Every structure is written in structure tokens, then in C-alpha cells.
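K.L.:
What follows is each chain in one-letter form.
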Amino acid sequence: MQKLATWFLALLLIIPIWNCKKSGPSFSVPVEYHRLDSGLKIVLSPDHTAPIVTVAVYYSIGLRIEPKNGTGFAHLFEHMMFQGSKNLGKNEFLSLIQGQGGVLNASTRFDFTNFFEILPSPKLETALWAEADRMKGLVITPENLTNQQGVVINEVKAAVHNQPYGGFPWLDMPQYANENWYNAHNFYGDIQDIAAATVEEVKAFFKSYYAPNNAVLVVTGDFVPQEALSMIEKYFGDVKPTDRPESPDITEPRQEKEKIFSKDDPLANKPAIAISYHMPARFTPEYFAMGLLDQILLQGEDSLLFQALVKKEGLTGNVGGGINLLGNMFNYNGPMLWTAYLFYDSRTSSEKILSVVDSIMQDVRNKPIGPEILDIALVKIRSALYDMMEGFYGFGRADLLACFALFEDRPAEIYLLEEKLRAVTPELLLKTAQEYLRPANRTILTINPKGAGQ
Amino acid sequence: MRTIKTIIGLGFMAAAVFMAGGQKQLPPEGAAPKDFVLPPKETFALDNGLSATLVPYGTLPKVAVLLVVRSGNLNESENEVWLADLAGTLMKEGTKRRTAEDIAAAAAKMGGEINVGVGLDLSTVGGDVLSEFGPELVRLIADIVQNPLFPETEIERLKNDLRRRLSIQMSQPQTLALAKFRKILYGDHPYGRVLSTPDVIQSFTVEKVRNYYRKNFGAGRSHIYVAGRFDKKAVKKAIEEALGGWERGPDPLIFPARTESPRAVHIVDRPGSQQSILYVGLPVIDPSHKDWQALQVTNAILGGASFLSRITINIREDKGYTYTPSSQLSWRYRDAYWLQFASVGNEVTAPALKEILYEIDRLRREPPPQEELKRIQNFMTGNFVLQNSSRQGIVNGLSFVSLQGLDPSYLSTWVQKVHAVTPADVQMIAQTYFLPEKMTIVIVGDKNKIEEILKGFGPIVE
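From first to last, the protein sequence lines are chains A and B. Counted the way this note's numbering counts, the first sequence spans residues 1 to 454. Counted the way this note's numbering counts, the second sequence spans residues 1 to 462.
Honestly, the hints are just simulated from the structure, not real lab data.
Quick list of in silico lysine-lysine cross-link-like pairs, DSSO-like style, CA-CA up to 30 Å:
#, chain 1, residue 1, chain 2, residue 2
1, A, Lys420, B, Lys109
2, B, Lys374, A, Lys90
3, B, Lys24, A, Lys86
4, A, Lys234, B, Lys24
5, B, Lys183, A, Lys157
6, A, Lys312, B, Lys159
7, B, Lys24, A, Lys203
8, B, Lys159, A, Lys263
9, B, Lys34, A, Lys234
10, B, Lys215, A, Lys311
11, A, Lys234, B, Lys374
12, B, Lys109, A, Lys367
13, B, Lys449, B, Lys183
14, A, Lys90, B, Lys24
15, B, Lys354, A, Lys90
16, B, Lys374, A, Lys86
17, B, Lys449, A, Lys157
18, B, Lys24, A, Lys240
19, B, Lys449, A, Lys450
20, A, Lys311, B, Lys159
Per the computed footprint, the stretches of chain B lying under chain A, defined by three or more beta-carbons under 8 Å from a beta-carbon of chain A, are:
#, region
21, 26-32
22, 60-72
23, 108-116
24, 124-137
25, 171-184
26, 313-326
Fair warning: this is a prediction, and the values are worked out from it, not measured in the lab. A virtual CB, placed ideally from N, CA and C, is assigned to each residue, including glycine.
Generate coordinates for the entire structure from the input sequences, incorporating the hints supplied.
P.N.:
Have a look at this one:
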């Protein structure tokens, strides 16, 4: 067996995650960062609360970047990762993990495709072996591809075509609000595009993107880092890197004019509206300010939009939305939208709703937000961040570590979020609102209900 | 033939295939899972009958508080459907001490929200906040459940929200299927009423809400759970002080459902539907029955264990008919039904149904192989450990045991009981409880396109 040298970026970081002025308890777990010669990034973060371990592999290929004549391809490909590999036949990956008491899933998001398992901690080696096995190669047959095209077409029909408000606003809005094809196409895929994918295209996609130098491997939970690292070297050590194609330009131009669209929905009984603004660039001071503006404007029943639209005006029962409707404010890397959406009654006009929204947006653009409201927003976002980390049996923490390794090359960024959020001042909030909550920076989409029961 | 990724890989694999005759490498087994122990808890009761359970757990500085009241849609009469839901939302609209805005602001300052949930048997008021606010959250929840104002000024808005919710639900095919399925099984029992009507919602008044609250809320039918990281002494004190003065209130209603399900195919017409929503199921024994764990294992083999399940392997992985088939045991107080769900293309509605019924029949005819059963048992016990590794999961498990009145050892012996189920037990369960003559089949889809092909699966009923 080959022993590979690893180089350390950070050996051991134990920093309380929140150095809170108030005396709340804090949270800290160690984070180790390594890299194999093949370029595979490795994040190890033990936590012995429960006898379970999470293994997550993130490939730096998201649904923005897929062939222009092949919408929905990145997601279809995700399905093919379960159809057989070097040593596992069709369906065997699933039964191996689930038959050992684990859960697993995969998802295709804007800027990555992830595969993960959460299982009893003594089964760590099984999961590492299986992930390495499919990184080494897939068995792609016409039969398996046809079968998964059927599954995916049914998935899209169930979620979009056979559903009132199907795709609203998460799938629809990026297509209206963005200008660059990479951000503005149908990520789930046109049915005919999904049906047209070929075995050769699937093979080429694997070769381009599914390689150690385009991936990060995260292990969290009940395990010993040194042991895990040996297993990783053993199973991933001989996986060969690839020549990844150049990334295309995914930037969006500054939006200079408000855009307004409406869409008929033959299955819906009630109108709906979504309003999206382009986000500041990731990890700029304005980006963190926007995270807090999201809390102030949209999150929770104390938020300004909920209080105005639900409580005061009674125009809707709830206002949904946030940053990145396919995840959270941290797990993407490119242009993004902040979106608010709601369902309302046919007798209410969209103008009425917009006038209420406009008056709130004008306020945050014209008057600085008081320190008391800013403090509450900080408490809310801190609590939300813990929820994020705990999500899906603790998988959320692996997700954040993977994204910070993949996009910033600094998984320990997870410990610096508070500092960056605390640095936001009322002045910065005001400046951010003035640039990013401009009417010209937004897109409005209304759903016209054409269903039988209106 | 294998797909080869790189030139180097090609050489390596060709050699491997040659030498090993194509034999595949076996995955490393790993050691046996550690014995799972539930986190220790403390349970106590107040003089007014309120029960409390505290479970210190986890490393993140958060605490969940959930007050569970034995009341819900079960307590509605036929012309009150969703009155419990209205009472739940109106409860957050202010107390004798706090306005609605005060409640929302107080919860936000703790890093959380007040969530009210209304189900068939239970209503819940809870929140999940930063650790240091545990006692404060207990006091806030205590105020909401004991002193609701039910203000007249808010009721029209909330009724309108309910009407909008009803309209949107009526457009969702899966809700229509559920409503039909429950109506068939439960008839006039409250469990059979999934959807309200605009007229019933219109008839709701603050008086009706207050009356519902008076008859169905009180300390004697409530249980408060606190789980996470918190100051135990301070939380206990908050519970005693803030909830000790609550009236005991009336006893909970015990109203068991009598179910019925003759074999039939019920089509809910949805012209133009691109898919058919399939519901196939029947009433089964409830969680207090000695066969419950064996029934859970049987459900997992059929459709409740994701990609390990026979129906999923058959109609998804083998045939590609559907994306999310799954089965479940859906329970209420001393009541349960089994249900297989699938969303399939119009043209494969009949083949999909045929395969579902085939898999049930196959399990009745022959016991499952030991190896398959072992994987299913591992899946179930592994998932049990995961579910009991979060604040909300721990509380859900404890609340289930409390509602069903099960032996306190139910959770600690569950893993053992699941592993004790044999292939013969599974076949016996399938033969005893999965009776073809009682399978209720509900299909929401385009009747013109599917009616003809469904003949032969049983009498077709509107």
C-alpha cells in the first residue's frame, strides 16, 4: 500500500465559535485540514455527542455549469452515481450504506454536487471505501441511463408539471432575474433535454469533473482523525486527478432597471408573488450586512415584512424566502438572489402588496437601523447558524465545512462568521440597502391562477 | 463492460480483470455498531397534573421547549373542522400580559420563534432558542397556553388565511388523495376529515374558539418537554412557577376510531393531470399491540426502508416508473393504517399498481431471506439512533410513548425487539394484516386516461 504525504493547512483549531458579550454557552469542535497529492481536500472534525459519523464528498460542479443543449444534465448525472461503480453493481451502493444502518443522499446545487452518508461510527471505513470506489470509475450502461432518465422525468413532473406553483419561485425566479445563461437556464431540465442525454455525454462529464482535484471530502462525528486519515490514504490515495475544463464566466451585470414578469399556472387557485434582489458578492462586508438585513426584513414573525404584510395589512398568512432558496447563505459561490414570496387572494392586487413592500424598503434605504434591532438580528442569525449546523442529523456542519474548503480553501472560516457579522454597523446596513435593495435591482414575478377552484 | 476513465486506469483494470477473473473487491465490513443508550432524563409531575420531562443533551448551545396538549382535530364536531387550527393560530395573537408583537419580539430576542402545531390528537406550543434563554422560553410558552386573549380584532384575518390554505390544498393532488383515503377509512369519525369547507370556516367566531379552548386545554392533559443544553435548576423552577397555577381542566376525550376498508378502486378525477397519485393501504393494529415492531419491520421490507424496500427497488430502480415511492405506518391514538404512496406517469398507472400488489402478495407467500431481513433491521435500528440524536427527535419519541400510553421501556427495548423479528414472523404479519380483500386503492389522476386500465383491480368507485 502506498503512503502519501499530506500537507497541513491547519493542524488543530479549537476556537469558541461565538465570543459573545452576553454570557451564553459556546460551541467548539476541532477542525483539521489536509490535502492528498492528488489534490483531494480533506476536512476532519470529530464530535463524540452521538455514535454516528458523517462522510460527505463535494464535487466542484454545480447546476449552473452544464452543457448548453443539455439542461438538467448535472442533476441527471447525480443519479448516475448510484448506478454502479468499479466494485459495486446497480443499487448496491444504496443497499450497502442503508443495510449497515446508514442514511444517504445526494443533491445538485448551484455550485456543487454532493454525496453523503450518515452511519453508525464503526462503519466509517465502509463509507470511505464506497465513496472512493465511485470516484475511481462508474459503470454507465444504456439500460441504466434510460432507467434513470425515467426516474428523473417523473421527479420533474411530480415537482413541477403536476404541482400547483411547481417550481415557484425557486426554479422560475433565477430564469427571470438573471441575464447570463449559466444562471438563467432551467436547472431541473426540459423533459426533452433530459430524454436526449447520451452515454457518451455522461462518461465525458464524469471524466471532466469527478476527480480528487475537483473535490473535498469531509468527515464529522464520532471518529479518531488519525485513523480516518489512514483509511482515506488507503482508499483515495491512488485515485488519479483530471484536467478540469476551464470554468465559464458566470458573472451577472449590475441590474439597472426593474424587471416585471407574470406566469399563468393552470393548476393554481390563488395568486402568488415573488420579489428578488441580486445579492452582494460572497464574503464582502455588504454580503454579511445582507445576511442581517434578511433577518431584519424577512426571518421570523418579528420581521418587518411579516409584521406589515401579515399582521398589519392581513394580505397573506406568511412571507417566505431568504438568501439562496436551494440552500442557505453559505453554500453557493457565484451570483445569488435574495427572495421574498407569498400567496395572496384574487381580490388583492399585486400593486397593493408592492406598495407595502416598497414603503418598508424605502425605510431601510433612508433611515439607519437602530442598534437594538441590529442586536436582535445578530441573536437570530447566531441561532439560525446552529440550526443550520445541526440540520439532517448534524450533516449541516459537514456542509458548511465542505463549502468553506471548496470555495475559500479555509474550512476554519466556520469560526470567523461571528466576527464578520458583528463588524456590520448601522451605516453599512444603510449603504448595503441603498445599493442592493434598489427598485432597479429587483425582479418581480407574479403567478396568475388558472386552476378550476379559484 | 466496464467504463474506463483514464489511460492509467485502463491498464490497471485490464490487468485486474485478467488476473482475478473479473472478481469484485468486497467492501470493508466495519465493526458492529455500539450499543445505543438513550440520554438520561428526569420526569416529574406538578400537583395540577402537568407532567414535565427534562433531557440534557448535545454540544450546541441550544434548547428546545415543547408543551404538548392532548387536544386537536379529534375534538372538533362535523361543523367545526379546522376550529382547532384556528384556535392554535389565534393563541399567538396576544395574552393578558403580552400583545402579539410582544410575543414575536420576545421569541426573536432569544433567537427563536413560537411555533404552534395542531394535529389530530395533539396540539403543541414550542420554540428552540439559545441555551441561556431556556427558563425565559418556558415562561413565555406558559403565558401563551394559560392566558390567551383570542382577540376579536384578528379573527377575520386568520379565517381568511385558513380559506386561502384550503384553496391551495384543494389544488394539490396528494392532499386530495389523502382526504379521500381517510374519508374511506374513517367515515364520520374526526380522523376522516382532512379538509374543511369555506362555509364551516366562515361560521367560526371568537366564542367558538374560546369554547373549544375551555373544553380542551388544561394542565391535566399537558406535558412539557425540555431538551438540549440548559440550566436544569432554573428551568425546573420556571416550570413550577409559571405552570403550577394552571387549572387541571377537563380530561382528554377518548374516542377510538372504527375503521372500514372493503377492496375497491377510488378514482378522484383531475382532468389534464400529468401523473397519477397512488395511495394503497388498509387499517392495521395500533402501536400498543405486541406485533407492532414486527409490523414495522414488514412495512420496511415493503416500502418503508428507502432503496432497501422491495416496492422501491421494483417500481423505481427496476422499472423507472416513479421518483419517490414509499410506504409508512401512520398512527394516531391507539389507531394506525398502512399506506404505500407513489406518483407515477398516466400510462404506467396500472403496471405500477400491479407491482405494488405483487410485492405484498409475494411476502404473504414466502418469508424474506435472512440476509435481506438483516439489512432491513440494521436500517431501522440505525435510523432509530439517528432520530434519537437530536433535541426534537428525542422529544418526539418521548411524546409518542406518552400519547400511546406505552410501557416506559418502549424506547430502550425497541432496538432489541426489532432485531428479534424472524423471517417467519414477517410472513405471518403479511398474512395476518395485509389482506388483499381489504386494500383500499385511491388514485388521483385523469379519469378518462386511466379508468379503463384500472378495471380488474377491484370495483371502481367515484
